[in-house]
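**Student:** Between the sequences and the hints, there should be enough to build the whole structure, so can you do that?
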Amino acid sequence: MRLFVLMILVVAGGRLHAAVTDGLVPLDRAEYRLEMHVIGGLGATWYTEPPSRYSNERIFTGYNGNARIMWHPDHLLGVGLMTGYQVFSLERFSPGPDNDLVQETKMQLGSIPIHAVFEMQGPYVRIGAGIGMYVLLSQLHEGDAITYSNSLAFGGSAWIGYAFTLSDRLRLGPDLVVQVISDRGIGNVSAMVTVQIDLLSY
Amino acid sequence: MESFCDRTMNLRLLIIGVMMAVSGCVSELEQVLIPEVDRSMIVGTERIIDTTKRDILDGVYTTDESQTTVQRFGTVLSVRLNANGTLSIYAAQGIHTMLLEGGLRNDSAIYVGSWRSINSPATGSITVVIRPDEGGADVSRGKATSNLVLRCRVRTGNGSDQALVLRWQAKLTDDLRNFHIIAHRGGGRNSERLGVSENSLPMLRLAPYLGATGVEIDVEVTKDGIPIVFHDPSFTPRTVQGSYIMGSVASYTYQQIRQHVRLVNGEPIPTLQEALQTIIEETPLELVWLDVKQPSVTAAVLEACLAAQTTAQLRNRTVEILLGIPTAAILQAYRNANVDGKDRVGVLCELDPQTARSINARVWAPRFTDGIQRSEAEQMRQEGRRVFVWTLDDRAFMSNYLQERYRNGLLYTGVLTNYPTLLAAILYASKVTP
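Residue numbers (the numbering used here), protein chains in the order written: chain A, 1 to 202; chain B, 1001 to 1434.
Quick caveat, the hints were computed from the structure, so don't treat them as lab data.
Do not rely on the hints blindly, as some may be mistaken.
[As the list claims (entries may be wrong)] Some chain B residues judged to face chain A by a derived CB distance under 8 Å, without partners named:
#	residue
1	S1234
2	G1242
3	G1247
[Stated by the list, open to error] Calculated pairs, SDA-like style, for lysine to any residue (alpha carbon to alpha carbon, straight line, at most 25 Å):
#	chain 1	residue 1	chain 2	residue 2
4	A	K106	B	G1247
5	B	K1223	A	V135
6	B	K1171	B	P1284
Nothing here was measured: the structure is a model prediction, and the numbers come from that model.
Heads up, the beta-carbon is just placed ideally off N, CA and C, and yes, glycines get one too.
**Tutor:** Following this line, the structure appears as structure tokens:
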């Protein structure tokens, strides 16, 4: 299933790239830009196995707040780095007859993505993909005590977005982002709003 | 016209996509479904626990090459009665193990159980009968005989039913009594198909039935200093279920680990004390090799060893518990440990022979990649130390080490392996003495 979804993404990416390059007006030549993309939104995360032993839930909602620094040389291609913070899932459990808990417990999994990203950017449509590490951040709340832990995982992301031009240096639009951390069995789809700011043009 | 850069961008997207796809393609191992065993056949049987009778039945057996089961199990199989009266049969071909329950009824012996391959999902059921005139009466009376015939019915997963006739060929030689088949990580790192997790209590209970006479278990330490049986310094999907508990083991207290963490097959992570108690009280295992992962826990491990030795004495059990010294840091921690009676805990040194001498290690255990090291091993044996080797998983390497002799016995008297069944099959078959 994961393979199927990823292959669809690859094919769709190729088709969209063709659409962007063939049907839209290219950027002005000889213009190099440094952009900041500020992205925020809500996401749905699914796990291949339940993330805790107290519940069989495998799909959760969370939120994302990321930023991309992109360098657009004299071409549609942009390259850059993405990072931020996102919460994949948060669960609360109470002691009860169906578990062996002794106190109120809250478990949360978040992450900081650190991705090398690539984006094809037309005047309106953008498609991109990123690959890199996720710093997974776990919180275990038991009563008033909190235990933090972290771990590194390899993963990838892909997105498609549309941008409305607000001014010469500012664009705004929706992004649909898919993320996969395969060795942890985690997938995420997020609906985001992206603000693009041209930091520098030369 | 599409520019060169545009075409290369398509290629880049494809490469990125393929990398993501490949990273998502981790295939699952096929589930092994061990068949239910019909125990009605063994109602009223009496388990063979008596050592004399066990010695009669233990041995190397051969089967007629014309039989269809030869293709699966080969022509030489080893039979060993476990201390609790269950019967184990090992076949090197296909790395098969069989575990059967039963015993004597009148002048016959009847066993029922299952067989399985360790490196494939193949499994099925098996019944074994020893008729009175084919050795059953002799075993019942405790009389040695070379006329032992085990008549087996082997059922495969597809329901076919085949005959397998095993004829006694040779005794298991005496020096095998002092040889240790040591299962890695409590039973074998290849435990995915076994339905139990490495370094778990169920794995320890299963290890003897896979052919192990000893186990190596790993000792990590919790935030509050409790020694637990766990291999890795951190929790990862390879070893534990769930996504919330991750990262360093030392981030969590023992109570948190006990409450929230389950191994990949659902077992809780045992403390070292629980593991040693299980080995002493619930298994016939004769040796435990403790692989200490953190210097800070060395003193606590020594104390646990001393307590376990006392428990074993009270239970009249002979279990040798060896503290492994795998690194210079653990060595230093062992030397610095201020524990009363620490000299009573045997030491297994994985470092050089000179270090083994300096701490008066009972066992010197070099890694197999350093080669056979005949002269060093002989020197250790002359000094009264035993020599083990780790970690042999390959049939050819096992055979090479088992050919090395010292005086009238084997030079290496212990082998750490992920395939105790394979080692058992090779070892017992190679030690035939008509």
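**Student:** Checked against the structure, which of the hints given earlier come out wrong?
**Tutor:** The structure conflicts with no hint, since it agrees with every one listed earlier.
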